[in-house]
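Given chain C, work out where chains X and U with the ligands should sit, using these hints.
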Amino acid sequence: MDKCVVVITECEQGELTLASLECVEEGREIADRLDAKVQAILCGSALEPLAGTLAAHGADQVTLVEHEALAQFSADGWLQALAPVLLQADPVLLLAPDSGPIRAWLPRLAVRWRLPLVGCCMRIGIVGDGYPEVIRHTHGGACQERLIWPYATLICAMLTPGVRGVDAPRPGRTAKISVVHPALDPASFRDRTLRTLPADPRTVALNEAERIVSGGFGTGGPDGMALVKQLADHIGAALGGTRVAADRGWLAAERFIGSTGQIVAPKLYMAFGVSGAGQHLSGITGSETVIAINNDRTAPMLKRADLGIVGDLHQILPILLDKLQALTAVNVENHSESTAPTDASVAHRTLEMMP
Amino acid sequence: MTTHPANQQFDVIVVGAGPAGSAAALLVARAGLKVLLLERGEYPGAKNVSGAVFYGSAILNELIPNWWEQAPVERPVCRRDIAFMSPTTAVALDFRCAGAGFATAPYNGFTVLRPKFDRWLAAQAEAAGAFVLTSAVVDDVLRENGRIVGVRVRREQGEIYGKVVIACDGVNSFLAKKAGLQREFHPHELSLGVKEVLGLDPAIIQDRFHLTDNDGIAYEYLGAITEDVHGGAFLYTNRDSLSLGVIGQVSSLVERRKRPYELLERFKAHPAVAPLVRGGKLREYSAHLIPESGWAMKPKLYTDGMLVAGDAAGFCLAAGLYLEGMNYAMQSGLAAAETAILACQKGNFSARTLSVYQKNLKQRHVSTDFRAYRHAPSFVNGPRLQNLYPEMVAQGMEQIFRVDGAPKRKILPLAYRMVRQSSIKPGQLLRDVYQVARAYLW
Amino acid sequence: MRIAVCLKYVPDPSTIEVDPLTGMIDIGRVLYMMNPADESALELALRLRPPDGTVTVFSVGPIEADRLLQDALAAGADAALRVWDDALGSLKPIVTTTLLAAALRVKALPDLVLCGGHSVDRGSGTVPALLAEHLDWPVVTDVTQFEIQSGRLRARRRLARGARAESEVTLPAILGLETGLVHLRQASLPNLMRVKYTPIPLYGLEELGLSPQDLHFPAMTLHEVMPPRPRARMMFTPDVGGSVQERVAQIMSAGVAGKAGKILESGTPEQQADAIIAFLCQRGFLEQPT
Ligand SMILES: Cc1cc2nc3c(=O)[nH]c(=O)nc-3n(C[C@H](O)[C@H](O)[C@H](O)COP(=O)(O)OP(=O)(O)OC[C@H]3O[C@@H](n4cnc5c(N)ncnc54)[C@H](O)[C@@H]3O)c2cc1C
Ligand SMILES: Cc1cc2nc3c(=O)[nH]c(=O)nc-3n(C[C@H](O)[C@H](O)[C@H](O)COP(=O)(O)OP(=O)(O)OC[C@H]3O[C@@H](n4cnc5c(N)ncnc54)[C@H](O)[C@@H]3O)c2cc1C
Ligand SMILES: Nc1ncnc2c1ncn2[C@@H]1O[C@H](COP(=O)(O)O)[C@@H](O)[C@H]1O
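Residue numbers (the UniProt record's numbering), protein chains in the order written: chain C, 1 to 355; chain X, 1 to 442; chain U, 1 to 290.
Hints in this document: simulated from the structure, not taken from any laboratory.
Hints may be right or wrong, so weigh each one.
Unchecked claim - Under the rule of at most 30 Å between Cα atoms (straight-line distance), these lysine-lysine pairs were calculated in the DSSO-like manner: (1) U:Lys196 <-> X:Lys116; (2) X:Lys34 <-> X:Lys116; (3) C:Lys229 <-> U:Lys262; (4) U:Lys196 <-> C:Lys323; (5) U:Lys262 <-> X:Lys178; (6) U:Lys262 <-> C:Lys267; (7) C:Lys267 <-> C:Lys323.
With the rest of the complex left out, here is chain C (with noise of 0.2 Å):
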């Protein structure tokens, strides 16, 4: 049997995490030092269309376990599907994610394989004769120190979500695809989860943000920028900027995108007034639809936008606002009939307890 060098991934509302092909990508370059395969696991449920994905970051061969019972993350569910594939994986190293879910498993599996385990990873690496280094920051960043494993190959390692960043993927590469169905029981499961609850646009973190609205120079002071804020408000979404309204105090200084600022990677990207530097645009590069709206027609920000609009935007924005006033409006009022609170406010009510 060929050495194989186990990734294991993880998915989140359907969607692999950027973490997860990280650690595919981290797992190739190792194998390709050990002369081994990289084989990807995946559990949760109706999980095939994600297998592409997965090979076209490097792996060669892809286990989805899958059983309706792990449609939603419980670590105990995690841990008896997974056991077992991985003992009969037999890797000769072992890497995933360092995120939440998996801290709730994996070391579990470490005491009870008595297997070296390693988190907060900046870089996973093969030294020598082919013995496991690793890289892992410390004191919140401070410093940095080296760890080795002189005995075997065999550790397990959590890599940092981000600090490696992923490449474009190959999409001409396939893995062999393989789905497992493990034999659970669910009813032991002692921790299960319920449902997932959307971000709250005004207080999430901007580099987490699903949806983010900018206001640059552009924007010509405070007044323009409190427009693109009730834009923000309005779609439900972070407000963001460039260094220069940063730094001229019409957006707090935590808020400003970019190189030297935050790094953010949303669904939907709005720039007013942004020019679009080089500094600015590698904050943005892992959005997903941008728009930007600039009277410059020669902007770089325009020609990076998924819909570039050439024009004023202290002409477009106040129009742009009552339309979509009307537009909120008209669906409110389709909708009046089902007042039912939503799942998020129930949420809210019942859970609130921290100030």
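Then chains X and U with the ligands, alone, in the frame of chain C:
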């Protein structure tokens, strides 16, 4: 140690664990009295501006023989430099002393890092039996029948009682004001000190400052460094760092719209200073007020049930050649402790009994020094000594040393010409000479 | 309801100075504190404690950790226990949790153990799960809120992008709580004074019924400490096929190559606003008017 001290009466409550408070608590505890030392910081010294020369070695030696062997000291100060600056030049007086109590016991002064030193000193008080409580902000005094009988800590059930309260809570003392002993200061009576600690390799420090072994040097700067803001600057060598800072009178900072850190940056960029601090890595930055007007700021030093010591009493000599506060803080703290002990013995805590404090201060040379230098602050803070003279000295030296083909002038005609060129009137010059003499000579 | 809180004594990161050449920490200048995440864990435990309940605090650490346990007592914890043994070297999470599990058993096992999610020194956030394994209890990590109703605990977990998951777990259980959820309350002056010289019970290996062999677990060896150097992230590499200008342009735009999106150059502001709305609807960011 006592097990349940809460709600109990202390003999003495000392507020503020700086040099004044810790010394006072130490002495009171040694006398076998119950003493509580309250400090607002998370630990003693946490809030204190670090990096200073402590000139009270001999004083502390009386309390803790050979204290420097166990205390966190940086370097004994064996050299002192005073530099007069113009924007591009500097003239320095260099005093060196290899022995005679400077580089040998009992030493004249040590550079210390305040967070460490203050912590150590408070630990000595604790070891002597003082109850040291940190994270305790005092926000009022408690009175009964007009007499101060304790303090209130900003916490739930924060009232705590003591027969004598010694306020050692530093410059702009909240307690002295609450007790009605001190008035609000005028901005011209206060200076703002901004200070940095720059990390530097000990070997580089020794090379750069021509120091043997562990010896240290203290520089004081007067003149153009502070532009037109009244003040001065200093630079001290620690074991593996430099402490440097600029002190500016609050009123002139406000008038000239200068930010203190701009002055500090200017100071570090001065051609005479830049090579000394090159490569230093910033470890700390802090700003703190200093009482500057000496005797004139002295509050009433005692009232029924309370004494004031250290910076809280204005015992800080910041006058040109001198920047000494810790030693006076300690001396006055000890004098207050002696007074409190006496009052406890007598069982009488009235202002009358506590008035012995004045005698004790005199015995410890605190009041004598401050009376002697009472003229220094106002003069030192005058514009001419602050800016004009140091600059003239520096420029004069430049002209003496410059070789440019022009005929050499003798010093007196040169000086005469410089005075003529400046805006100083001869009468003023004479008065200033007299004032310098009065301030420092007799 | 008996609650245990695990408190770790850690160096305050803001006082840490790292030698830029060797990466060594200047220990002489470090100040210590309660691990920030544990501070909110303690506060939540105190808020949760019913009138007949108890909060007991545990720490594995040297004598200096007593101060932290005293602070916890001053804030309102009912009892404290410190574990230390001179035979212990540097603390690996697996050793810490073996000791903590044994210490928890010294008193009757609690109903709930609260841990911080992460300790700010060399921690890796694995203590909650490791402890769970030793006790064979369930664990929930990355918890931002929780409440208990009729023997079941409901917790919110942090997900990416600010979303939350709501989990349910049976008791007894262990939670790993995020940092900064709440502030630890201020102790009253009498409490602060009372605990100052309160002795904290100390348990060594013998008292816990452990032998040094019980602490023998495989763990990676610390080989070297270094100053921090962030890892270079995967960066866009410009397409070598293009012209020099194109490549420069690509690099200048930080690899965010042009998107061949739609650019609307003309139209009245009104039309442009409509175009934006239509686009948002089309991509599913707005609900289509019906
Ligand atoms: C070392 C370094 C690091 C930096 N890091 C960052 C960083 O992390 N993040 C960051 O954002 N910046 C950063 N910058 C600054 C960056 O280089 C740019 O200067 C900045 O991003 C430009 O901000 P802006 O787009 O708001 O302003 P401008 O470049 O002035 O652009 C304003 C835009 O608004 C448009 N405009 C004007 N009026 C209107 C109107 N009425 N309607 C529509 N459009 C209008 C203009 O056409 C223009 O394109 C950094 C710079 C340096 C040197
Ligand atoms: C930049 C600068 C440089 C200096 N350089 C020197 C030097 O080189 N040599 C020298 O001898 N002197 C120097 N001084 C002066 C010296 O720092 C002071 O004179 C000295 O610290 C006074 O000691 P103290 O005990 O009276 O007060 P402090 O040292 O100020 O201590 C007061 C203590 O009381 C605490 N406190 C305050 N209010 C409260 C409250 N309400 N409740 C509880 N606690 C409270 C504070 O936290 C503090 O710990 C310098 C001062 C500055 C600002
Ligand atoms: N030595 C220790 N003593 C008590 N609790 C600890 C100790 N180390 C870690 N913990 C707990 O475990 C949590 C996570 O720590 P870590 O796994 O080290 O990041 C901390 O927030 C503490 O609650």
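- Task: Would you pick out the hints that fail for this structure and give their numbers low to high?
- Result: 4 and 5
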